[in-house]
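Residue numbers (full-length UniProt numbering), protein chains in the order written: chain A, 1 to 89; chain B, 1 to 121; chain C, 1 to 163; chain D, 1 to 507; chain E, 1 to 120; chain F, 1 to 933.
Bear in mind the hints are in silico, worked out from the structure with no lab data behind them.
Note that this is a predicted model, so its numbers are computed, not measured.
Idealized CB from N, CA, C, for every residue including glycine.
Careful: at least some of the hints might be erroneous.
To spell it out: a stretch of chain E is covered by chain A in this simulated footprint if at least three of its residues, at any positions, have a beta carbon under 8 Å from a beta carbon of chain A; those stretches are [said to hold, decoys possible]:
no.	stretch
1	7-13
2	27-40
3	46-59
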Amino acid sequence: MLEISLMIATAMVMVSLVLNVWRLFRGPDKPDRILALDTMYINSIALILLFGLFMGTAIYFEAALMIAMLGFVSTAALCKYLLRGDIIE
Amino acid sequence: MELIYAACVGLLTTCGIFLTLRGRTFPVVVGLTMLSYAVNLFLFSSGRLVVNKPAVLGQSETYADPLPQALVLTAIVIGFAMTAFAVILAMRARADLGNDHVDGQDFGTDQLADKDKEKSK
Amino acid sequence: MLRRIFPMPTHSLVLFIVWLLLNQSIAPGHLLLALIFALLIPILVGGMQAEQPHIRRPIKAVIYFLRVLVDIIVANIEVTVQLMRPVKYLQPAFVAIPLELTGDFPITVLASTISLTPGTLSAEVSEDKQWLYVHALHMKDETTLVREIKKRYEAPLLEIFGC
Amino acid sequence: MDHLPILPILIPMLAAVLMLLPPVANSLERQRVVAFIALLGLVGVTIELLIISLSGSIQIYQLGNWQAPYGIVLVVDRLAILMVLLTGVLALGALLYSTAGDDRGGVFFYPLFMLQVMGISGAFFTGDIFNLFVFFEVLLLASYALLIHAGGKQKTQASLHYLILNLIGSSLFLFALGILYGTLGTLNIADMALKVRELPEAEQQLARIGGLLLLIVFGLKSAMFPLHFWLTKTYSSASAPVAALFAIMTKVGIYSIWRIHTVVFGHHAGELANLIQPWLWPAAILTISAGTLGALASQSLRQLVSNLVIVSVGTMLSAVAINTVQATTAGLYYLIHSTLVTGALFLLADAIAEQRGKASDRFVRARRMTSSLPLGIAFAIGILSMTGLPPFSGFVGKVLVLQSSVGAAQMAWVWGAVLIASLMSVIAASRGGSTLFWRISSETNEKKIIAKPKLFAIYFLLSASPLLVIFGGQVSDFTSQAALQLYQLGVQPELLLPTTPSLGSPE
Amino acid sequence: MPFWVELIGSILILLGGFFVLMGSIGLVKMPDFYMRLHTPTKATTLGMGAILIASMILVSVNQNGLSAHELLISIFLFITAPVTAMMMAKTGLHYHLKIHKGTLNRDLADIAKQRQPPNH
Amino acid sequence: MDLFLLLVLPLVGIVVPLLAKSCSRTLCAFLTAIAPVTALILLLTMSQDLLDGVVLSSSLSWIPAMGMDLSVRLDGLVFLFLILIFGIGALVILYARYYLSPDDSMGRFYCYFMMFMSAMVGVVASGNIIQMWFFWELTSISSFLLISFWSSRTDARKGARMALTVTGAGGLALLAGLLLVGQVVGSFDLETVLNSGDALRESGEYPFILVLVLLGAFTKSAQFPFHFWLPQAMAAPTPVSAYLHSATMVKAGIFLMARFYPVLSGTEMWFLIVSLTGLCTFLFGAYMALFKHDLKGLLAYSTISHLGLITLLFGLDTRLATVAAIFHVINHATFKASLFMAAGIIDHESGSRDMRQLNGLWKYMPYTATLAIIAAASMAGVPLLNGFLSKEMFFNETLDQGSLGSLSWVIPVLATLGGVFSVAYSTRFIHDVFFNGEPVNLPKTPHEPPRYMKLPVEILVGCCLLVGIVPGLVVAQLLNAASSASLLGPVPYYSLAIWHGFNLPLMMSFVAMAGGFFVYYNRRTLFHFQMQFPEPDSKVVFERWVQRAIKACRFGHAYIENGSLQRYIFLLLLATLAVTVTPLTALQQTSGLKPQLPMDAASVTAAILLVLSAVATVIWNRKRLVALLMLSVVGLIVSIAFARYSAPDLALTQLAVEVVTVILLMLALFFLPQQTPKESSPRRLVRDIGISALVGGVIGTVNYAMMTRPLETISDFFVANSKTGGGGTNVVNVILVDFRGFDTLGEITVLGIAAIAIYKLIVGMRLYMPSGDEYGRHWSTDTYPMVLAVISQILLPLALLVSVYIFLRGHNEPGGGFIAGLITGVALIQQYIANGVGWMKARVHINYQWMIGSGLLIAAFTGVGSWFFDKPFLTSWFDYFKWPWVGKFELASAMLFDLGVYLTVVGATMLILANLGTLTTSERPDERVLEDQ
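With the rest of the complex left out, here is chain A:
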């Protein structure tokens, strides 16, 4: 049962990723794309966690944690770029 639900959940996450990419391509504006990328980061965390559960290992946990931390920085920097041009000023 767990396995099936994991597979379904993975499928859902994959679909979300596809949708994110669609939004990323579609735009229409840069903030939209950034939003899509940010969502992708978060969805990847889900993906990695699900994968870890699937494989029964906690070894990928750090990867998820890192995406959470770095995704934030990346998005913040992108927003700052659009707002100010220079991100470190």
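Start from chain A and add chains B, C, D, E and F according to the hints.
Relative to chain A, chains B, C, D, E and F alone:
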């Protein structure tokens, strides 16, 4: 799965190289970054693809080949250093040469650059 | 004295817990390490913190936290439901909320809370920090919304930070 | 416990690190002193190693005390020692020159300089192909940084080309490494040589691709046709001491071809034996031709010297292509000569440019140089060596290469190319030289005599040229020993794989 | 593994997957940027939370010990998600992005962009 | 050892004038002359042996690898040449003392002169043919310096270059020839070579050898059609011409033929090439000499003519002809050297060399005139002078050959014709200069030169007379010895008597004499005739050709090396393709035997997303930010792929690196144009897509082929020893810090270099600061959004804690110093982004440069530390400790090493980013002001 992996590596290489063949520094740097992704994936795969056997002792019976992983790690870091330098050099080139063409000569019409020039000190 | 050792007591506590969480262990060795880092890191980064109002009422803060948690769940379900309906039923709106809170940190907490809870999203704080601009996904009534937010979130925060 | 082999890498590195830290970091004077001490130490250690190597032994230094194919080893054979010694001497010359003021052109000159030396030494000593890559990157990155030393549009532009081409080259290197590891399953060069011989047929073609990709990579570093385009601009725009140090850079590529393609894909590699030779032949000849063309087309001394470097690269590559002990002997001799002389010529070009005011080193009428006599003599020595005319070292190298190609299938091509290149270089150099020194405008010269350290540095490097002729017998003896040893390793790579760790086993 | 653990885990995982998916659907479906901004930040937070809790439970049961470090990710997301959302909203305002026709108080967007107090 | 002294003395002589140049001019000349005179005396002490045909030789090993020994070999031929070199050399030194003006640098002149003399001695006295070539080229080089002695004169420079080019080319041909000789003979020793004549003539390489060696000889001896450099070399000071262009350098080619006569002659080919060349040169030179108005020009062409004569004699390929040739070498050297000196005196004392100006000098300098007239008469072949004797022998030999069959009469006829012109130009030299009316517009009033300036001329003219009158006494022995050395055997019978009775040669001499006067008498008609053929100035022609060649080279070079990076990359890729495609086509089976992983939907989807984003990056590469976003997606998926295929460490690193890269790229993007202009033509696009797709295809195919083949690697060792030998369970990390710690040391060095290199780039950079984005919108005024700032500050300690955690666990589980360093770095950057550079600057006082330095130092010293345990560099150490209450824990040197890595990474990241930020902020204009406008 190997076929798809290889196809992805090939495609990344293609895209990376195509971008490095562009005439402006920024696409070239992007291309180099992409090329380095391809390189890393390629080097990584020289240890063959293995699912869920990370080379951490005690995690499983057999392990993925750790050596290519270590090599890729080194390659990533070096690639990062190189990209960083390339990026800043691109900036420097723009500052020194007044445009961002890789040959330092502005062949195309770059009105935006001109606009920027007015504002520059 | 205590201030010097624990320039940021809350932080130290959090760090202590987080270290144990990360290592998933309460072995004596880890307790020791946790203590060391809980002491060391705040000293290291102490310079890189702007002065912020302290939490005066910790218990209220916990209650507030739990309430927000519940609200998040509700919010999400609500948004999910709204999502499934056609767009035309939605009534998006911008709202300006006058702030009584002062201080960067409390305002940030409020803004974050608003973003996390039902159908609202903080968009901007006015330059004088008197107004919070909020985008609502589906607003039935402007005054209700403003009152609701002020009562439900701002008031407890005022108490917690004692300002 | 003998730690000599690691020192040529460690000394420059530590010196560089010291220069980043106080108190050395704060004063250029101190940095100069540290750099000098470090380089003298490097040369001293290398000479010591050289003396040890005269007995014919190869020193293997197992880093981290890990057994040979698994850990990284330093292989200190005659060839490697020779190259490092050459680096040390060249660097000393460049350093000496830079103390006269060229080190003020930007920050971090000496640390980068030492790091570049470290990278070069490492590349020469390592016995591990991935480690070779790492050191390649060390020396390349340091060279990118040094290239922009003292700033200026030209430098920025040149380094952009140089950087991007080399980044692609590094990518190809990694592809090649991936292929080789993916087929041979090892990274130690000697171990690779053993594995290549037993490679199943299905994987031979893959390994061949790997080997050929490496040729491209090394060819790019050594400025082989058609990968040489970066060289002229890079070398001619770099500031003098940097350009002088760069003289060894092309040799790193050639050395690597020797190291990899002789030991791993040499005569004994079975189906894969000598896989690069068919490509190397035409490339070498074309390199010489391209260099010659460039030399005739040169409009300034630096360009001329850069193009002469390309010619010399072509000459060495043809020695590599001939692929015999005799040819390698010749190539090595030529390499020593061309490295030191090129280095000196780049320094000289700068000194000349400095004295000619606005005309710089371009071949146009300009004011008389104040120190025209010492510079003129230096010019004569350098250019005669470079064009391969007696009585200086160039002709020995050239004649050795010509002799070694006798009997080879492409002999006529090599002879034709080398001799015609020689003649054309003479024409180009005599035109350039007579313009530089003799076409004098009426403009009065500034009474600015060349700085003593500069002159000393130039002559220090140039003195190699007559010395190489006078002691030609001893030098060629040594190079032939080195070549023999190299080919011996191709026959018996297991010499580099001691069955027990040389220094006790790990716990 | 006890059945109920598996059941709870499965439900949570499915729930999580569902919320994540809904968030992304919202991202595609919503007509303007500000509305799009709502869905992923919220739905995803909850979805992630569910998956993380499931992970905690399952791993804890599997390894016979409390596995709580997933909480960390939750905390991180908790702290960061609203901030990213706000930053993006700010960016959107700055870019004068198209605002959906039916939105009330559209003029506030401009004022917010200027970071001025509202006029009334 | 004495033999080497002959070589060494002139070499020492090079230094003498440099040291003596501050002395008086006379002393300087005197000191310089010591070396050649001593050498001459030394040589004369050996004369008895040499005249008896003994070969003296001595050799030292020098560069055995190229077959070059330092060896001296003296025989009769060498003896003859050495006498000329030293004897005439000493005379010229004396002469030059008076010829050179006080403005000329005496030291420099004598230095070059001695250099040339050394080279010349080396050429003739070498016992090793490579060594001979060595000195051969030296003669070219030193003559270049001598010809261009008056370097400020264009004609001197051009003449010198031309001489160098022509003789240099010949020298290279000679080298090739000599190397081939050595190849055939198996030795470069002259003695061996001389004894291998038959082997050489029979070898397949003989034609090549002959042509190459003769090319060397002909260019040096100014044989037609390589003669043109010699007249131009007259730009040299006259002492140089007297020495180089009469007695020595041009004779080097003759010497070469004489030397190799026994090994190369005796074939049809030799006869045809040498004799025809000689004949052409002889006639051409003689004819042209007549029309030269310049004294030295006349002499130069006459020299060409006489060299042709000698060559012709060698070409006739009879033993007697060789004797005649060698005899003429002696005679020509004496009379031509004296003529040049006389010409120099005239030039020096009258200020002109133009025979249209110089007339009737007899009145002003009768003594010099007498000497010159005698020498010129000798040149013309007047009896009782040495020129007559050898010319007689020459005529005799032309009659004696029959190789051309029934056409053999042509040669004596043409020889006589040549003789006619010889007489004519000699007559012109005498009559025009010394008689023929009064001087025209001379710059100076001519008078006799200083006493000792005439001395060398007197001596040489004396020789002419002596040889001419009593040949048997004076030169017989020398000639005999030289000839036998050249012939490598007994000398045929010949007679040196002045009178041989009335015979055909004498008749020819008479015809020549009479014809010569006749021609001279009718010279105006002839001059008129010759005017129709304007003689091209070889200097101009040569220069024009060289210019053209250089222009062509420039064009070709610029065409190939056009400065376009795109082309260079294209060529690089093309080369890559070229070498890889062939083996790939030979690869029979792409897929190997290894079982493949099954496909799963998730991976395929991820792959599709990867492909889409990569393609999107390319498609939108001109919208730079969008491309950057797409690139981020690619990076994200790549790191997920790493996680999927069992490489958590890689996933972590890739993620961290990618974020930092993106931040960097964004930083750069601010200063670069936001969009790429559309400038690639469709053709270029197709080409680029084509080549990149091909390369990508190759890489992909290789990758697939590689992955599907089984592999045995050395990695088992790492897995087996990771815990026991390296003390860690994360094998990848143990490899990084222990097994291959040296790589990591290099890697962090790279990072450190990158950081300081970037710092170097940033210092002094002047940037374009766009005041608005690509649509011209002004930037937001909210520099540091409050919410972001607050949250970032809160997150910082957490992030640091995580990085400590990642750092500490690295040895046993995914993580390590590098990733930890990047996390710390990113966390700090986040502070910079959120709070600003100024804010951070006030709060952080870390010198990042020192941080890098100490990181590297720690890593290196961890390695050095193992020395104290007598282990190689970087040998790791670890142990488990048990403390009460705390429990068991591990300490390892690898952790220290990792700390070094950590510090370097943090330092490098911050040095790059923080400094970049600092730089930009200070120059940024205030938007508020801008917006108000």
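We went through each hint and held it up to the structure:
1. Proximity of the stretch 7-13 of chain E to chain A, defined as three or more residues with a beta carbon under 8 Å from a beta carbon of that chain, is established by the 5 residues found.
2. Proximity of the stretch 27-40 of chain E to chain A, defined as three or more residues with a beta carbon under 8 Å from a beta carbon of that chain, is established by the 6 residues found.
3. Check on the stretch 46-59 of chain E: 8 of its residues sit with their Cβ under 8 Å from a Cβ of chain A, so the three-residue criterion for coverage holds.
In terms of the numbered hints stated before, the structure departs from none.
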